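Protein chains in written order, with our numbering: chain A, 260 to 399; chain B, 827 to 1018.
Because the hints were derived from the structure by calculation, they are not lab data. Bear in mind the structure is a predicted one, so any value in this text is a computation, not a measurement. Incorrect hints may appear among the rest.
Claimed, not checked - In silico DSSO-like cross-links for lysine-lysine, where the CA-CA straight-line distance does not exceed 27 Å: (1) B:K854 - A:K366; (2) B:K907 - A:K302; (3) A:K345 - B:K859; (4) B:K859 - A:K365; (5) B:K901 - A:K362; (6) B:K974 - A:K356; (7) A:K285 - B:K967; (8) B:K901 - B:K947; (9) A:K342 - A:K362; (10) B:K854 - A:K356; (11) A:K297 - B:K901; (12) B:K859 - B:K879; (13) A:K392 - B:K901; (14) B:K931 - A:K365; (15) A:K345 - A:K356; (16) B:K907 - A:K387; (17) A:K365 - A:K297; (18) B:K879 - B:K967; (19) A:K366 - A:K302; (20) A:K356 - B:K967; (21) B:K931 - B:K879; (22) B:K975 - A:K365; (23) A:K285 - B:K965; (24) B:K975 - B:K859; (25) B:K955 - B:K967.
Stated by the list, open to error - If you want the ones that stay clear, here's a sample from chain A, every Cβ over 12 Å from chain B, calculated: (26) L270; (27) V271; (28) F273; (29) D298; (30) V337; (31) I344; (32) L354; (33) K356; (34) I360; (35) K366; (36) I370; (37) F395.
Where a beta carbon is used, it is the ideal one built from N, C-alpha and C, also for glycine.
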Amino acid sequence: MSELLIDEKKLVEFESAAKIANFYLKKTGVALNFLGYKDFFEKYFNVKESDIESVYELTKESIMWSNYLSELNSLVNVCFLNKLIKQENSPNEKLEKEINIVKLFKKHLEIQVRYCNLIHSETLKLYKENMLKVAFRSSL
Amino acid sequence: MMTIKYISIKQITIVNIKGDCVMIFPPKAPLVKGNKDINYFQQLAMLVSPCLKEYGITLNFQGFTELIDEYQDLKFNDAEKAWELAMMINSWSDYFSSLSNVVQKIMLDSETDWLKAQAIKSIRHDVDKVSNGNRFSNKDKDVIRLRKKRNVLKAFYDELQAKVRFLERAYYHCKATYELGRKTHIESIFGK
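Please model the complete structure; the sequences and the hints are all you need to start from.
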């Protein structure tokens, strides 16, 4: 497999880290797939506070994305730990670089899981407030 | 009334005629195993399954995917469904929690096996220099096998713990849906 050119500055972005990690993870049978993840954030950033239905959808979507990323993180962890064994057996610079990328990607995944959980808590709170407003209005 | 333009099976995204995204869930089965589409959790379960079979444990998650599908379809005004789901999710949370305890025990045992094998090989190779002995033992096939077994058990145990947390959140969400759904329904009829 050809060598991958890495722009170190871009590694701070989840998307770039995922693209680079995908190059190494593919070899171990872990295919990354984030179809819809950008759309989910677009929806979150554009949702109207009073739109109960969309806010409610976001509570479910965020928790499902958090679960999905967490599952991926666990699978990536197996690859990461097994790569460490390989490195201890026959240390080489190429493998060391690979380990660092996978480790960085794992950190990114953990951050994304926490982010999705925060979105879930926030949208759930908003949904509750909206529903209580509806209850108050309909009781007048 | 919303018109569904298309529904993608692999990417669970529904788009209405205006082109606005309505439901954006993660891909259901991002991996392909043989001729079957599977998700990351199923892949992890397949990896850990032989290790657990040694201890007489067979993994069974029948019904879990269906439960998640039902949860994804839950509407904010369907209090009855929310109550039903809350009960089921709570049972699954208990199931995952029990399983994680058993897996933790097996993981700790396998960790002991690995360290024991490593120590024996290390002493056999070099009694005086520990690091030299360890370097040798890390190359031993049996030590590598035990270490890999422990790794997959550790990853699975961590994932089971994450599943319990996920289900606890989902349970609380369903409970809130039920309570608020009932509250708005009752107050719209009888007032506060």
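Verification of the supplied hints:
Only pairs whose Cα atoms come within 27 Å are accepted, and K854 of chain B paired with K366 of chain A is accepted, the gap being roughly 23 Å. Only pairs whose Cα atoms come within 27 Å are accepted, and K907 of chain B paired with K302 of chain A is accepted, the gap being roughly 26 Å. Between K345 of chain A and K859 of chain B the CA atoms are separated by roughly 25 Å; this keeps the pair inside 27 Å, and the hint holds. For the hint linking K859 of chain B to K365 of chain A, the alpha-carbon distance of about 23 Å falls within 27 Å, and the restraint holds.
With a C-alpha separation of about 39 Å, the suggested pairing of K901 of chain B with K362 of chain A is violated against the 27 Å cut-off. Using a Cα cut-off of 27 Å, the hinted pair K974 of chain B and K356 of chain A holds, with the two alpha carbons roughly 21 Å apart. Using a Cα cut-off of 27 Å, the hinted pair K285 of chain A and K967 of chain B holds, with the two alpha carbons roughly 25 Å apart. With a CA separation close to 59 Å, the supplied pair K901 of chain B and K947 of chain B exceeds the 27 Å bound.
Between K342 of chain A and K362 of chain A the alpha-carbon distance is near 10 Å, which keeps this suggested pair within the 27 Å criterion. Between K854 of chain B and K356 of chain A the alpha-carbon distance is near 31 Å, which puts this suggested pair outside the 27 Å criterion. For the given pair, K297 of chain A sits about 23 Å from K901 of chain B by alpha-carbon distance, which is consistent with the 27 Å threshold. About 21 Å separates the Cα atoms of K859 of chain B and K879 of chain B, which keeps this hinted pair within 27 Å; it holds.
Proximity of K392 of chain A to K901 of chain B is assessed by CA-CA distance (about 18 Å); at most 27 Å being required, the pair is judged to hold. A distance of roughly 25 Å separates the Cα atoms of K931 of chain B and K365 of chain A; the hinted pair therefore holds under the 27 Å criterion. Our distance criterion of 27 Å between C-alpha atoms is met by K345 of chain A and K356 of chain A, whose separation comes to about 13 Å. A distance of roughly 18 Å separates the Cα atoms of K907 of chain B and K387 of chain A; the hinted pair therefore holds under the 27 Å criterion.
Distance check on the hinted pair: K365 of chain A and K297 of chain A sit about 19 Å apart at the alpha-carbon level, within 27 Å; holds. About 21 Å separates the Cα atoms of K879 of chain B and K967 of chain B, which keeps this hinted pair within 27 Å; it holds. Simply put, K366 of chain A and K302 of chain A have alpha-carbon atoms about 25 Å apart, close enough for the 27 Å limit, and the pair holds. The straight-line distance between the Cα atoms of K356 of chain A and K967 of chain B is roughly 25 Å, inside the 27 Å bound, and the hint therefore holds.
With a CA separation close to 14 Å, the supplied pair K931 of chain B and K879 of chain B stays within the 27 Å bound. Pair hint K975 of chain B plus K365 of chain A holds up; C-alpha atoms about 20 Å apart against a cutoff of 27 Å. Distance check on the hinted pair: K285 of chain A and K965 of chain B sit about 25 Å apart at the alpha-carbon level, within 27 Å; holds. Only pairs whose Cα atoms come within 27 Å are accepted, and K975 of chain B paired with K859 of chain B is accepted, the gap being roughly 21 Å.
With a CA separation close to 21 Å, the supplied pair K955 of chain B and K967 of chain B stays within the 27 Å bound. With a least beta-carbon separation of about 23 Å from chain B, L270 of chain A lies farther than 12 Å from that chain, consistent with its non-interface assignment. No beta-carbon of chain B comes within 12 Å of the beta-carbon of V271 of chain A; the shortest separation is about 23 Å. Annotated as non-interface, F273 of chain A keeps its C-beta farther than 12 Å from every C-beta of chain B; the closest such distance is 14 Å.
With a least beta-carbon separation of about 5 Å from chain B, D298 of chain A fails to lie farther than 12 Å from that chain, contradicting its non-interface assignment. Some Cβ of chain B comes within 12 Å of the Cβ of V337 of chain A; the nearest lies about 5 Å off, and the non-interface call is violated. For I344 of chain A, the requirement that its beta carbon stay farther than 12 Å from each beta carbon of chain B is not met, with the minimum near 6 Å. The claim that L354 of chain A is not at the interface with chain B holds, since no C-beta of that chain comes within 12 Å of its own (minimum 14 Å).
No Cβ of chain B approaches the Cβ of K356 of chain A within 12 Å, the least distance being about 21 Å, so the stated non-interface status holds. The claim that I360 of chain A lies off the interface holds: its Cβ sits roughly 18 Å from the closest Cβ of chain B, which is beyond the 12 Å cut-off. For K366 of chain A, the condition that its CB be more than 12 Å from all CB atoms of chain B holds, with the nearest at approximately 15 Å. A cut-off of 12 Å between C-beta atoms confirms that I370 of chain A is not in contact with chain B; the least separation is 15 Å.
The Cβ of F395 of chain A does not lie farther than 12 Å from every Cβ of chain B; its closest approach is about 7 Å, which violates its non-interface assignment.
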